[in-house]
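Protein chains in written order, with this note's numbering: chain A, 4 to 252; chain B, 4 to 252.
Worth double-checking, as some hints may not be accurate.
Where chains are identical, the list cannot tell them apart; a pair therefore holds if satisfied intra-copy or between any two copies.
Pairs of lysine to any residue, SDA-like flavour, derived with a Cα cap of 20 angstroms [unchecked claim]:
no.	residue 1	residue 2
1	139	112
2	200	186
3	94	137
4	29	216
5	171	144
These aren't lab readings, by the way, just hints derived from the structure by calculation.
2 protein chains.
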Amino acid sequence: MIDTMPETITAAMLVIGNEILSGHTKDENVEYIAKALMKLGIRLFEVRLVRDEESAIIEAVTALANRYTYVFTSGGIGSTHDDITTASIAKAFGIPIKQNIEVMRLLSSYYASNGVEFNVARQKMAELPVGATLIKNPVSVAPGFIVKNVHVMPGMPDILRAMFDGLKLVLNVGAVVHSRTVSCMIGEGVIANDLAKIQATFPDIEIGSYPHLEEAGILSTSLVLSGTDQVKLEEATEVVRRLVHSSGG
Amino acid sequence: MIDTMPETITAAMLVIGNEILSGHTKDENVEYIAKALMKLGIRLFEVRLVRDEESAIIEAVTALANRYTYVFTSGGIGSTHDDITTASIAKAFGIPIKQNIEVMRLLSSYYASNGVEFNVARQKMAELPVGATLIKNPVSVAPGFIVKNVHVMPGMPDILRAMFDGLKLVLNVGAVVHSRTVSCMIGEGVIANDLAKIQATFPDIEIGSYPHLEEAGILSTSLVLSGTDQVKLEEATEVVRRLVHSSGG
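With the rest of the complex left out, here is chain A (with noise of 0.2 angstroms):
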């Protein structure tokens, strides 16, 4: 099976927020960070949503960094009482927390060419766990952090984005993940029990069926086939379609 592949490169992801969970804010940072491992051949295997809560952010960074290649942080590092993230991931990993000298610098420095005070608030941001490595910010200069496998950035979508394409170029990659897909106009009972022994022959291609409700509720099948070796890719793909094709679809 692809998921227990030995090369196989893994990810979670940790999205830390009240106003996630209360439906105040959308979160744009999962489908962002999705895609993008998709792209570099690094498999988003889980996500979690958690509140600004110490325990629940300890619990849920220490079980996905014991699971997973990378895990990816969203949320939770800015300069307000709220902002609980980085002592929590300091204390689940008990490591301590300390004013970044090089942190300070680039705080202080960047306030100061734009005329505002670097305050006590603003300077826990500077307050990172001991040996964290910085995850450069090119937005609003307050960095992110690694610390073991786990990536700590903000939750404000351009300044995550702007992190992680940086990131992304020192991340190890894996083997890319292709997909094809083959959309009906067919409810996918109609096709299911064909579907199941096309996976069955093709064990290294994932064939995923997603329905769709579309206008005056008739059913369509969108059929997604995955896999990293694009001979077999095709094959299956050529396969599904005339299932399809044969099916009416």
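Given the structure of chain A, go ahead and fit chain B onto it with the hints provided.
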């Protein structure tokens, strides 16, 4: 603290499906459920997205069912080989799967009236954990189901919404959380210290600070206050408004 009030009704959501984690399909259900639960006074405390993989589903549903009042799942209950949610959840609770007579009757009459063959694949949708309570599907008949505190629904947004709209009439609801938003064109760092003091003065009101990046790199901030006590909420909101005003925001 709000979180540990004994009457708090809590919930988690479990999104099941490779298509979401690969970025192929955008999840639309989390935001819907988050907002709907908020209106009901049910607190969505955690969301997990996992692959169509038995062990992943079992682990997640077990952890969430033990921890929260309600669990809502989406995805993986159709007729194709990759639909393994029902079997996995039954296995998680050690409940056998059996063909449900009522669902067989519903589906056979539905397909007959549409001139569609009720084939073996589609009959899979009638195989449910023994003793499960059905969740009515007003769109395409094949029901969701409830086992213990877990509410199992399909991933198609229209159907999930229609199911949830019926379901919410029978859920236990809690005290509704009201919220007020104070928006300002200042970075959160300006007011972070004073905001922490206001939070300490109003421990029952949750104050979240959400920075945004506007055009031209200008930072703005949404301060979201929420709580069940509307009098305290208005009081705290007024104090926050005064802080913002005196800070030039």
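Broken hints, by number: Every hint satisfied by this model.
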